[in-house]
Structures are given as structure tokens and as C-alpha cells.
Amino acid sequence: MSEPSAPSSTRPSPAINPGVPLATVSQIFLEFLLIGATSFGGGVVAYLRNGLVAKRAWLDDKAFVELLSISQSLPGLNSTNMAILVGDRLRGLSGALAGIAGMCLPGGLLMFVVGILYHEHGDRPLATAALKGVAAAAVGLVLATAVQLGKRSLEHSSDVVFVALTIVGVNRLHQSVLTVLVVVGLIAILWYRPRKGQERSHPQ
Amino acid sequence: MKQIPALIRVFAYLSLLTVGGGMAAFPEMKVLTVDVHRWLTFHQLVHLYSVGQMAPGPNMMMIVSIGEWAGGILGAILVVIAFFGPTSLLTLIVGRLWSRLTKWPWRDSIQKGLAPVSIGLLLAGCFTLAKGAVSGLETATIAVVVLLVLLQYKVNPALLVLAAAIIGALSFGPK
Numbered sequence: 519m520s521e522p523s524a525p526s527s528t529r530p531s532p533a534i535n536p537g538v539p540l541a542t543v544s545q546i547f548l549e550f551l552l553i554g555a556t557s558f559g560g561g562v563v564a565y566l567r568n569g570l571v572a573k574r575a576w577l578d579d580k581a582f583v584e585l586l587s588i589s590q591s592l593p594g595l596n597s598t599n600m601a602i603l604v605g606d607r608l609r610g611l612s613g614a615l616a617g618i619a620g621m622c623l624p625g626g627l628l629m630f631v632v633g634i635l636y637h638e639h640g641d642r643p644l645a646t647a648a649l650k651g652v653a654a655a656a657v658g659l660v661l662a663t664a665v666q667l668g669k670r671s672l673e674h675s676s677d678v679v680f681v682a683l684t685i686v687g688v689n690r691l692h693q694s695v696l697t698v699l700v701v702v703g704l705i706a707i708l709w710y711r712p713r714k715g716q717e718r719s720h721p722q
Numbered sequence: 087m088k089q090i091p092a093l094i095r096v097f098a099y100l101s102l103l104t105v106g107g108g109m110a111a112f113p114e115m116k117v118l119t120v121d122v123h124r125w126l127t128f129h130q131l132v133h134l135y136s137v138g139q140m141a142p143g144p145n146m147m148m149i150v151s152i153g154e155w156a157g158g159i160l161g162a163i164l165v166v167i168a169f170f171g172p173t174s175l176l177t178l179i180v181g182r183l184w185s186r187l188t189k190w191p192w193r194d195s196i197q198k199g200l201a202p203v204s205i206g207l208l209l210a211g212c213f214t215l216a217k218g219a220v221s222g223l224e225t226a227t228i229a230v231v232v233l234l235v236l237l238q239y240k241v242n243p244a245l246l247v248l249a250a251a252i253i254g255a256l257s258f259g260p261k
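Protein chains in written order, with the numbering used here: chain C, 519 to 722; chain F, 87 to 261.
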């Protein structure tokens, strides 16, 4: 099952682009299960690239970056969106389902057990004390992610205004995330609306 | 068992708010799971979210714990399907149409416009988390140290969170 160019009769699904290497549904499931079980500490993107591009060669770097850009511009987590997109590209709908199932299973099982343990022992003084440290660290972790993302994707001073409007809407005006997302999102999208003569500046 | 329909409704709705990551949905998750449905307390939510940062895979798998508390094993499974189903379907559809969308001039506008909003939502979620997690000088120090270490060095964040658990147990624990 490892021939790179499969005859068209074994093409698994019409959704698949020609030239995409052949991967079985169980290989997809196992690879994402491995990534889902080992990607400790966030940064799933690095684990995904390592597994899908470097190890399995299911994607080249260009395709990986393109799929990542789709993942990031849609709602949903990067890791699960990537599992859907890569699985779909390799094996259609069943590949997508295998990918997301593998991705979610290890962390899901772990948090299932953690939830039960926490429910029973979470109010012990030692556990409360440790969790106090964990929660404070999580704040620093999320802030670091925001700073790193901001450095990479905030280009114009108007972006800072949209960031501030979003925070004020949720934390100060106590509007629902949906309202803020729709209102500020629409303003920002209109701000960056396509302008005449600019279409040619976007490659491809 | 009677919480099952509410669990599905809440997490399917939260799914659509996860623009730029799971944290974007956190303020709304607090309102719906803590204030409206009372499946857990705010402190429990903060603890579960934070512990979830040490788990591998998608960083919102702590929803499984909420599902299990409110609806047992069935609740845990259905919460995952509700939370990842809607966005996965959307991703599947858009992923198949994407090559055709390259010529659509608004695609670029949407990507550029949503980038700052998603960072704003991440920070808004972070501030909501901080309200429950940072309560004094000690916890603020832990948060700032973790932030600075992560910006300065390449460390696995899970190890830092683990270190904070030990520091917490030693400094806030029973003497």
C-alpha cells in the first residue's frame, strides 16, 4: 500500500487530489493518535509537521502551510482542523474522521480520568495548593501565546484597535463572545475590504 | 441524564466561537457552564482548564471532564462530538472549496480582519481566566515568570505548568 502513484481504480475517494500519496484509514488514525498522545505542552503544529511532513511524507511543506492557513482562518482548534483537512486530503471523509478521532482520543481519555480524580480529590488542601500554581502558570502560558501570535500577525496599527475593541467588548462591556466576534469581525473585515487595483497584489 | 440536551446545545454553540483557538470561547464557557447551568464552579473551571494545558492533543479536552460531571460517559462523548462537530464540518467543506476561493478577493479580507479579532478573543479569554487564577502577589509572580520564560527560552510549556504545580503545593499547601 505504499506505492506513491496508485492506479485510479484504487483511488479511495473522488475528493482526493491526484498525486497525493496513498495512506490507509488505519495509518491516518494511528499517526494522529501518536501526535494526539505525544504533543504535550501545546505547540501541536510542530508535532503535526514532524509527523505528517518529515516522517510520513504525506504532505510537502507548501501543502502543510496552506492547510495550516485554512485551519487558522476558520473557527475550531488548529489541531482538530488540521486532522480534518489532512485526513480528507488523504482519504476523504473516512480519513478526516480517523484523523480527528486519533487526535482527540488520548487527551480525551486522560481528561476523563483527571475529571473523575479532580471531582473526588480536588478539594484536598495539597491539591488545591498545586492547582493554584497550575492556574497561575496557565495565565502566563496563554499570555505568551498571545504575544507570540501578535508579533507574527499584527501588521498595522489598526490591528491594535481591533484587538482592543474585542477585549473591551468581552471583558468591560460584558457582551457575548458571539456579539463581539460578529460586530468587531465585520468592522475589521470591511476595513480590509478588497479595493480596486489591489486584486493583482495577491499571488495565485 | 437530563443535562444531555443542554450539554450538546452549549458545546455546539461554543464550538462556533473558537475563532483563533479554544480560548476564544472561554468567557462564554464560563457564563454558560458556571452561571447558567451550574455544572461546576468558576474555580473548578479554571482548575480544569489549567490542568488541561498539561494534557497532550487539542488543548480544550477539559470539556470531557465537564461532560462527564454533568452527564456521565455519554455526556463526555457527546460533548466532544458537539464541540468539534460543527467546526469540523465547516472545515471539511471550506477545505474542499479552498482552491476555488483563492480568486475570491474577500478571502484575504476575512483572513486579515479576523487575525486581530482572534488575538483579542485570546486575550479576553486570558483575562477571564486570570480573574479566577491570579489572586495575589504570589500567583501574579508565577504568571509573569512563566510568561517571561516562555518568551525568552524554548521550553516545553507543560514542564513549566508542572513546575508551577510543585511550587504551588510547596508554598500554598498545608504547612
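Hints are computed from structural coordinates only; laboratory data are not their basis.
Among the hints, a few may not be true.
[Unchecked claim] What follows is a list of derived Cβ distance ranges for each label pair: (1) C:Leu611 x F:Ile163: 27 to 35 Å; (2) F:Ile90 x C:His637: 14 to 22 Å; (3) C:Lys580 x F:Gln89: 39 to 47 Å; (4) F:Lys189 x C:Asn568: 46 to 54 Å.
The structure presented is a predicted model; accordingly, all values stated were derived computationally and were not measured.
Every residue, glycine too, gets a C-beta built ideally from N, C-alpha and C.
Comparing the hints with the structure gives:
{"no.": "1", "hint": "C:Leu611 x F:Ile163: 27 to 35 Å", "in the structure": "violated, 20 Å"}
{"no.": "2", "hint": "F:Ile90 x C:His637: 14 to 22 Å", "in the structure": "holds, 18 Å"}
{"no.": "3", "hint": "C:Lys580 x F:Gln89: 39 to 47 Å", "in the structure": "holds, 46 Å"}
{"no.": "4", "hint": "F:Lys189 x C:Asn568: 46 to 54 Å", "in the structure": "violated, 33 Å"}
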